[in-house]
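S.K.: Listed below, chain by chain, are the residues.
Number of protein chains: 2
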Amino acid sequence: MMQESFSVELVSWKDAVSLSKDLAECIRGRYHPDLVIAIGRGGYVPGRIVCDSLLITTLTSIRIEHWGEAASCYGEAHIRYPLSVDVEGQDILVIDDVTDTGKTLIAAREYLQSLRPRSIKTGVLHHKTTSAFIPDFYAKVVPEWHWIVYPWALHEDLTGFVEKVMTRRSATPGKIRSSLVNTYHMRPRMDDVLFAVRELVERGRAEQTGDGYRLKNQM
Amino acid sequence: MMQESFSVELVSWKDAVSLSKDLAECIRGRYHPDLVIAIGRGGYVPGRIVCDSLLITTLTSIRIEHWGEAASCYGEAHIRYPLSVDVEGQDILVIDDVTDTGKTLIAAREYLQSLRPRSIKTGVLHHKTTSAFIPDFYAKVVPEWHWIVYPWALHEDLTGFVEKVMTRRSATPGKIRSSLVNTYHMRPRMDDVLFAVRELVERGRAEQTGDGYRLKNQM
Chain D
1 MMQESFSVEL
11 VSWKDAVSLS
21 KDLAECIRGR
31 YHPDLVIAIG
41 RGGYVPGRIV
51 CDSLLITTLT
61 SIRIEHWGEA
71 ASCYGEAHIR
81 YPLSVDVEGQ
91 DILVIDDVTD
101 TGKTLIAARE
111 YLQSLRPRSI
121 KTGVLHHKTT
131 SAFIPDFYAK
141 VVPEWHWIVY
151 PWALHEDLTG
161 FVEKVMTRRS
171 ATPGKIRSSL
181 VNTYHMRPRM
191 DDVLFAVREL
201 VERGRAEQTG
211 DGYRLKNQM
Chain A
1 MMQESFSVEL
11 VSWKDAVSLS
21 KDLAECIRGR
31 YHPDLVIAIG
41 RGGYVPGRIV
51 CDSLLITTLT
61 SIRIEHWGEA
71 ASCYGEAHIR
81 YPLSVDVEGQ
91 DILVIDDVTD
101 TGKTLIAARE
111 YLQSLRPRSI
121 KTGVLHHKTT
131 SAFIPDFYAK
141 VVPEWHWIVY
151 PWALHEDLTG
161 FVEKVMTRRS
171 ATPGKIRSSL
181 VNTYHMRPRM
191 DDVLFAVREL
201 VERGRAEQTG
211 DGYRLKNQM
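Here the protein sequences come in this chain order: D and A. Going by this note's numbering, the residue at position 46 of the first sequence is 46; the numbering climbs one at a time, nothing skipped. Going by this note's numbering, the residue at position 4 of the second sequence is 4; the numbering climbs one at a time, nothing skipped.
Simulated from the structure, these hints should not be mistaken for lab results. Among these hints, one or two may not hold up.
Copies of the same chain look alike in the list, so a pair counts if it fits in one copy or across any two.
Claimed, not checked - Listed next, the in silico EDC-like pairs over lysine to aspartate or glutamate satisfying Cα-Cα at most 20 angstroms (straight line):
| hint | residue 1 | residue 2 |
| --- | --- | --- |
| 1 | Lys140 | Glu9 |
| 2 | Lys14 | Asp86 |
| 3 | Lys121 | Asp22 |
| 4 | Lys14 | Asp192 |
| 5 | Lys175 | Glu163 |
| 6 | Lys121 | Asp91 |
| 7 | Lys175 | Asp86 |
| 8 | Lys21 | Glu202 |
| 9 | Lys21 | Glu199 |
| 10 | Lys175 | Asp191 |
| 11 | Lys175 | Asp211 |
| 12 | Lys164 | Asp136 |
Input sequences plus hints: build the corresponding full structure.
M.R.: This is the structure in structure tokens:
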């Protein structure tokens, strides 16, 4: 089986908080939103930090859902949890973690425009230049595409990556971590790898062997 | 003027993340929610972290608003941003940062019960025993009441406290910080104090003098 390989960046809490504050400084003095909308789930933490830095107390959320696999360019986005307040005539700021394909913010803007706000601006921590959507504000440009794992999505993302490097042949946790290093050039903590492996066992996707873990035959 | 004095605890990002993960471990295996609802704005970060730790992808938010001053026991809570999805027959987990008076979670539960979920459980980082509401899950008990400042509310809370210790007499930033230490037994970083002072100047509540800052006469 061909192993899909690309680089994965693990962002620490320190850096994620710092980037969120940088994003707030990009916005300060340039836009004065009546309402900040965090895109669920990636925008929750940056949205909260941006609000605190700019002393904005009006924070709400919407959720955009993608059809198809994570990190897929072919999924279609739709609004899973709509907005619960009237934004007609308001200046709104939409916050997400990253522009990857850009489909999330394209869908968000299209949806929000239908609610007739006065203006919509968007901000993210990382703007990948591969994105079809260019946000108004971003803390950092990412010119070379790679996958970014935020600390608030570490377990979710890592569980996915661990499942991708595991096979039907038993491997020790150390070997699984080595596969992550080789395939994705990431250096996760051993206990985070173990957390992911145990989660897969819990979900019936993997099983423990004498000396390690392996994927289970899926029915 | 009598200065109201009480202890204020500044929670670091490291501790707040750790408490959020502890809260997730309290919930693991004991409750399997269909939906997690973060209370805005304090529940955004813990809600996101709890979801990641438990690999729950369904996260949304509501906002409860209090009438009256922050930290007041006499305010009445109401639902500012309602829920935008149907929760009838679902198991829902409500996450907030703290139970202080308990009014937020009392209002949240009352509101959510009206939407006929199958069950509602609640989780917070800190449960103050002074609270009229006892959450189902909490990372830490706070037996001696004090004010807790979470890192995602540092600027907002600190701006309030700085305004409380400032007077019409000019004080240097170092003196303002000393007043915070003396009055609230907190040790904020100097740059966070300066950020708060400048915010008050920006808002026309304070003004710069030759050697420091003082409150402005309010019209």
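S.K.: Which hint numbers doesn't this structure obey?
M.R.: 2, 7, 12
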